[in-house]
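Please construct the entire structure, taking both the sequences and the accompanying hints into account.
Quick note: the sequence shown uses full-length UniProt numbering, first residue 1, plus one each step.
A few of these clues could be false.
Claimed, not checked - Calculated pairs, DSS-like style, for lysine-lysine (alpha carbon to alpha carbon, straight line, at most 27 angstroms):
1) 77 - 34
2) 89 - 247
3) 89 - 128
4) 20 - 286
5) 89 - 66
Unchecked claim - The following label-pair restraints were derived from C-beta to C-beta distances:
6) 76 - 286: 32 to 40 angstroms
7) 82 - 107: 44 to 52 angstroms
8) 59 - 201: 38 to 46 angstroms
9) 189 - 286: 43 to 51 angstroms
10) 260 - 189: 16 to 24 angstroms
11) 114 - 68: 36 to 44 angstroms
Note that these hints are calculated values from the structure, not bench results.
Model, not experiment: these values are computed from the prediction.
Each residue gets a CB set at the ideal place from its N, CA and C atoms; glycine is no exception.
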Amino acid sequence: MSKEPILQIKDLKVSFQSGKKFIPAVDGISFDLKNGEILGIVGESGSGKSVTSLATMGLIPSPPGKIENGEIFFEGKDLKNISEKEWRKIRGNQISMIFQEPMTSLNPLFTIGNQLLEAIRLHTDLTKAQSIVRSIELLKLVGIPRAEGILKEHPHQLSGGMRQRVMIAMAMACNPKVLIADEPTTALDVTIQAQILALMKDLNKKTNTSIILITHDLGVVAEICERVIVMYSGQIVEQGDVRKILKDPQHPYTKGLLKSVPDLRGKKDRLYSIPGTVPSPGTTLKGCRFAARCAEVFGKCREESPELFKTEKDGHEVRCFLHTLNERSDKHVGVTS
Numbered sequence: 001m002s003k004e005p006i007l008q009i010k011d012l013k014v015s016f017q018s019g020k021k022f023i024p025a026v027d028g029i030s031f032d033l034k035n036g037e038i039l040g041i042v043g044e045s046g047s048g049k050s051v052t053s054l055a056t057m058g059l060i061p062s063p064p065g066k067i068e069n070g071e072i073f074f075e076g077k078d079l080k081n082i083s084e085k086e087w088r089k090i091r092g093n094q095i096s097m098i099f100q101e102p103m104t105s106l107n108p109l110f111t112i113g114n115q116l117l118e119a120i121r122l123h124t125d126l127t128k129a130q131s132i133v134r135s136i137e138l139l140k141l142v143g144i145p146r147a148e149g150i151l152k153e154h155p156h157q158l159s160g161g162m163r164q165r166v167m168i169a170m171a172m173a174c175n176p177k178v179l180i181a182d183e184p185t186t187a188l189d190v191t192i193q194a195q196i197l198a199l200m201k202d203l204n205k206k207t208n209t210s211i212i213l214i215t216h217d218l219g220v221v222a223e224i225c226e227r228v229i230v231m232y233s234g235q236i237v238e239q240g241d242v243r244k245i246l247k248d249p250q251h252p253y254t255k256g257l258l259k260s261v262p263d264l265r266g267k268k269d270r271l272y273s274i275p276g277t278v279p280s281p282g283t284t285l286k287g288c289r290f291a292a293r294c295a296e297v298f299g300k301c302r303e304e305s306p307e308l309f310k311t312e313k314d315g316h317e318v319r320c321f322l323h324t325l326n327e328r329s330d331k332h333v334g335v336t337s
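Set out below in structure tokens:
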């Protein structure tokens with residue numbers, strides 16, 4: 001697998017207008033997506049995950065949204081200032097997205113075939129007959145039985161899992177180089193969830209499509225991702241190799257997310273939850289944004305905002321002052337549980 005990044009986000013800041021003020025929803029995030037990689041972005045609702053994906057697709061509504069700063073490079077080309085006409089050539093063709101709720105993303109008035117054909121013919125030179133053949137191939141690729149019959153059905157006639165598979169088929173219609181999946185398994189039962197994740201992993205192997213998987217579920221990230229970005233209140237608080245972060249999380253927020261995952265091996269009266277809620281965008285005026293919920297907070301945390309510190313662990317990065325306490329020590333500073 002090539003180590004060259006196919007997508008680069010640099011210092012991205014996205015704000016939304018509220019009255020006369022612009023409130024930052026994503027505040028200065030940077031990351032790379034490598035060719036053929038599956039990258040997870042995880043965090044609670046309100047952490048800025050979906051806004052990041054919409055900005056990457058050029059879908060921030062303006063007004064009220066605005067990309068105030070940053071660069072979005074796809075194969076070396078800056079997408080931030082390209083025209084809508086240029087975006088139409090890229091969006092759905094080279095960069096595709098699976099949205100969170102397939103029932104609202106699919107048009108209830110048109111058949112599955114109509115919607116698949118539109119996606120294919122918009123971006124390719126295939127004839128109608130060739131597009132029908134391609135539609136059947138795509139539905140079979142995502143594991144849908146009796147594909148010819150499904151083309152004639154409407155979204156309400158399909159189960160949630162089947163609709164999500166159709167959404168994946170539409171996203172893969174033009175063999176995109178980057179696929180962004182925003183909570184693709186939300187509201188699906190665990191059996192269907194496992195099938196959708198296996199399908200995405202299989203598509204990644206067969207087509208070498210780079211995938212950004214956006215989720216709040218660390219279990220999903222552990223299943224198929226190679227690297228993970230943990231977001232909190234519009235910022236990246238930790239990023240690195242999935243196995244290393246799951247085994248040895250270095251930020252108190254990541255630690256809390258892991259403790260919140262149900263463990264079938266142990267018997268507990270109550271599931272753990274991180275106290276408090278994600279602060280509303282723009283309300284943290286100074287200090288670390290996680291300070292009010294952190295069990296390990298100390299004076300500096302309430303006064304200064306930490307930068308992303310790069311540890312000695314293969315590019316592992318963490319936004320926490322705990323890593324400055326022993327910065328002269330050879331021993332890596334861990335986070336107590």
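Evaluation of the provided hints:
1. Taking the CA atoms of residue 77 and residue 34, the gap is about 15 angstroms. The hint holds against a cut of 27 angstroms.
2. For the proposed pair residue 89 and residue 247, the alpha carbon gap of about 41 angstroms is over 27 angstroms, so the pair is violated.
3. Pair hint residue 89 plus residue 128 holds up; C-alpha atoms about 20 angstroms apart against a cutoff of 27 angstroms.
4. Between residue 20 and residue 286 the CA atoms are separated by roughly 21 angstroms; this keeps the pair inside 27 angstroms, and the hint holds.
5. Distance restraint check for residue 89 and residue 66: the Cα-Cα separation of roughly 22 angstroms lies within the 27 angstroms cut-off, and the hinted pair is therefore satisfied.
6. Against the hinted window of 32 to 40 angstroms, the Cβ-Cβ separation of residue 76 and residue 286 comes to about 38 angstroms, which satisfies the hint.
7. As the Cβ distance of residue 82 to residue 107 is approximately 27 angstroms, the hint placing it in 44 to 52 angstroms is violated.
8. The hinted window of 38 to 46 angstroms between residue 59 and residue 201 is violated, with their beta carbons roughly 26 angstroms apart.
9. Look at residue 189 against residue 286: about 44 angstroms separates their beta carbons, and that is inside 43 to 51 angstroms.
10. Distance hint check: the CB atoms of residue 260 and residue 189 are about 20 angstroms apart, consistent with the given range 16 to 24 angstroms.
11. Checked against the hint of 36 to 44 angstroms, the C-beta distance between residue 114 and residue 68 comes to roughly 39 angstroms, which is consistent with it.
In this structure, the earlier hints numbered 2, 7, 8 are contradicted, and the remaining ones agree with it.
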